[in-house]
Amino acid sequence: MHQVVIIGAPVACKEGIQETWREVAEWAAGQIKARYGNEVTVRYHDLFDPECPALPDEGQLPVVIIDGIVISCGGKISIPLICKTIDQSH
Numbered sequence: 324m325h326q327v328v329i330i331g332a333p334v335a336c337k338e339g340i341q342e343t344w345r346e347v348a349e350w351a352a353g354q355i356k357a358r359y360g361n362e363v364t365v366r367y368h369d370l371f372d373p374e375c376p377a378l379p380d381e382g383q384l385p386v387v388i389i390d391g392i393v394i395s396c397g398g399k400i401s402i403p404l405i406c407k408t409i410d411q412s413h
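Residue numbers for the sequence shown follow my numbering, so the first one is 324 and each next one is one higher.
For the record, the hints were derived by calculation from the structure and aren't laboratory data. Even for Gly, the Cβ is constructed at its ideal location relative to N, Cα and C. Warning: the hint list may mix true and false statements.
Lysine-lysine pairs mimicking DSBU-like chemistry, simulated, CA-CA at most 35 Å apart [what the hints assert, rightly or not]:
no., residue 1, residue 2
1, 356, 337
2, 407, 356
3, 337, 399
4, 356, 399
Distance windows between CB atoms, simulated [claimed, not checked]:
no., residue 1, residue 2, range
5, 379, 350, 17 to 25 Å
6, 379, 325, 14 to 22 Å
7, 337, 379, 27 to 35 Å
8, 391, 361, 17 to 25 Å
9, 336, 392, 31 to 39 Å
10, 390, 337, 34 to 42 Å
Model the full structure from these sequences, guided by the hints.
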C-alpha cells in the first residue's frame, strides 16, 4: 500500500480563513481513490497540526510526499505526477 501525504495551510483573505489546500487535497484524494482504490491512502496535514510531518528545507506549500519521499514543493498538487510516481514504484 502507498501513502500520499499532502501538507498545506489555511489561507487568510478578506473573506476570512480559506481551506483552499485542504479542499484541493480532498479532491485529489477522490481522484486517486477512483484510480487505485484501497492501494493508496491520502492524508492531508495542516502545517500547524501537531502530527504534521517535518517540511523539507526551503519547502514551499503545498508539499506532496509519497511513501516518505518528497515529490513536489510549491506550485500545484499534480495528479499526473502523483500517479506517475505511484505507477513507477510498482
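Right, here's what the structure says about each hint:
| no. | hint | result |
| --- | --- | --- |
| 1 | 356 - 337 | holds (34 Å) |
| 2 | 407 - 356 | holds (15 Å) |
| 3 | 337 - 399 | holds (23 Å) |
| 4 | 356 - 399 | holds (19 Å) |
| 5 | 379 - 350: 17 to 25 Å | holds (24 Å) |
| 6 | 379 - 325: 14 to 22 Å | holds (19 Å) |
| 7 | 337 - 379: 27 to 35 Å | holds (31 Å) |
| 8 | 391 - 361: 17 to 25 Å | holds (20 Å) |
| 9 | 336 - 392: 31 to 39 Å | holds (32 Å) |
| 10 | 390 - 337: 34 to 42 Å | holds (39 Å) |
When each numbered hint is compared with the structure, no violation occurs for any of them.
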